[in-house]
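*Asks:* Spelled out, the chains give:
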Amino acid sequence: MMKGKNITYIMAILFATLFIGCDNGYDCYLENTAYDRIGFYRSDSSEVKYEFPEVLTVSLMVNGKDSIVVNHIVNTDNLMLPMSYTSECDTVIFSYENSLADTLYFLHENIPYYQSMECGTIMYHRLEGIEHTRRLVDSVAIVQEYVKFDANENVKIFFVE
Amino acid sequence: MRMLRYFLLSSTILLSALSVTAQERDGKESEEKPISFSFNGIAASADLFGFANSLLSDYTSGEVAIEANFGNRIYPTAEFGYGWCDATDETTAIRYKTSAPYYRVGVNYNFSTTREKPDPDYSIFAIGRIAWTNCRYDVDTPPIIDPVWGGSTTLELNDVKGSAMWAEVGVGVRVKIAKNFHMGWSIRYKARINQKKASNSQMWYIPGYGINQSTCFGGTYNLIYEIPFK
Numbered sequence: 158m159m160k161g162k163n164i165t166y167i168m169a170i171l172f173a174t175l176f177i178g179c180d181n182g183y184d185c186y187l188e189n190t191a192y193d194r195i196g197f198y199r200s201d202s203s204e205v206k207y208e209f210p211e212v213l214t215v216s217l218m219v220n221g222k223d224s225i226v227v228n229h230i231v232n233t234d235n236l237m238l239p240m241s242y243t244s245e246c247d248t249v250i251f252s253y254e255n256s257l258a259d260t261l262y263f264l265h266e267n268i269p270y271y272q273s274m275e276c277g278t279i280m281y282h283r284l285e286g287i288e289h290t291r292r293l294v295d296s297v298a299i300v301q302e303y304v305k306f307d308a309n310e311n312v313k314i315f316f317v318e
Numbered sequence: 015m016r017m018l019r020y021f022l023l024s025s026t027i028l029l030s031a032l033s034v035t036a037q038e039r040d041g042k043e044s045e046e047k048p049i050s051f052s053f054n055g056i057a058a059s060a061d062l063f064g065f066a067n068s069l070l071s072d073y074t075s076g077e078v079a080i081e082a083n084f085g086n087r088i089y090p091t092a093e094f095g096y097g098w099c100d101a102t103d104e105t106t107a108i109r110y111k112t113s114a115p116y117y118r119v120g121v122n123y124n125f126s127t128t129r130e131k132p133d134p135d136y137s138i139f140a141i142g143r144i145a146w147t148n149c150r151y152d153v154d155t156p157p158i159i160d161p162v163w164g165g166s167t168t169l170e171l172n173d174v175k176g177s178a179m180w181a182e183v184g185v186g187v188r189v190k191i192a193k194n195f196h197m198g199w200s201i202r203y204k205a206r207i208n209q210k211k212a213s214n215s216q217m218w219y220i221p222g223y224g225i226n227q228s229t230c231f232g233g234t235y236n237l238i239y240e241i242p243f244k
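Quick mapping for you: the protein sequence lines, in order, are chains Z and X. Throughout the first sequence, residue numbering follows this note's numbering, covering 158 to 318 in sequence. Throughout the second sequence, residue numbering follows this note's numbering, covering 15 to 244 in sequence.
Please keep in mind that the hints were generated in silico from the structure rather than gathered at the bench. Among the clues, some could well be false.
What the hints assert, rightly or not - With a cut-off of at most 27 Å between alpha-carbon atoms, the simulated DSSO-like pairs for lysine-lysine come out as follows:
id: 1; chain 1: X; residue 1: K193; chain 2: X; residue 2: K131
id: 2; chain 1: Z; residue 1: K222; chain 2: Z; residue 2: K313
id: 3; chain 1: Z; residue 1: K305; chain 2: X; residue 2: K211
id: 4; chain 1: X; residue 1: K210; chain 2: X; residue 2: K111
id: 5; chain 1: Z; residue 1: K305; chain 2: Z; residue 2: K206
id: 6; chain 1: X; residue 1: K175; chain 2: X; residue 2: K210
id: 7; chain 1: X; residue 1: K193; chain 2: X; residue 2: K111
id: 8; chain 1: Z; residue 1: K305; chain 2: X; residue 2: K175
id: 9; chain 1: Z; residue 1: K305; chain 2: X; residue 2: K210
Values in this document were obtained by computation on a predicted structure and should not be read as measured data.
Build the full structure now, drawing on both the sequences and the hints.
*Replies:* Right, dumping it as structure tokens:
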């Protein structure tokens, strides 16, 4: 008798528990562009962010022409850059005062991802390497190779003072 | 949907309470009689709900089941089905295609069988299942346009492997409509346990489960033929 009663109670509790835990599941990213998150650092420290003191303009070389994405900002310590869906090497130009500039070449793999029928497709990237000139950029480090929709930093750029 | 959940939940608890009351009443009247779990026979059934569902949605399924009867109370059950999906989303213009078999094993527990009525013409039962499928799917997407750098790329997914396992609990009713023939329906709450994702996609429709979300509802409408062994 008790066994039947226990089974009945257990089934009722199990059913109720599953209902409480009900949700609809999908992670749906409505914006389909993942940005390369870049942090600025001084060349003598990889821990302390560096507020770049000069006026900075950032341009992308799109089809042989430069296209400005960040214009004349001062005292910034980070940057978010869009990456190309089709090219495997993005050319990015950092222009400073006095006509100085550094060119950075972001080598990457493009990873299209199908989310669902309703959410559509998105594009991830995997950073494979970064080459650069050395006007004010001392060195560059990839800290998270996959460029997705999280807030983690992907690249550290170390500047000489 | 929320109202349906509350209705099902309250129905389950009510049924449980009624069942406990019935068992207590039966126990007082005939405590000496042992509960029989003897083998009574095998039944085969077909589900009609999946085919009817194809009239309302882009996916459908068909399934058959075989169950053993122990004392008209416990029914170990195996279900075999096949699911199809060919859907295109109007907004994203993405087309998803798959077709694959699925499998379930589990048990039905009949609350209606008592010592007074060991073989009732109707039954209310609880359902528990573990289910799984292995499938391959195709996804056709429109060009993915780069809003900043320009240009576009395509994503072609053909014959992508996917698999999923899920659990089902539910309630059902069944009535005798002729000798050895029964008809019944069930409502099932499904919870996905795990799924295998590909590197650049995941299943949208899981055969036997439905749209790929962590939980969902399903139902069956069965015709059952009982093969008597006595």
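*Asks:* Check the structure against each numbered hint from earlier and tell me which ones fail, lowest number first.
*Replies:* Failing hint: just 7.
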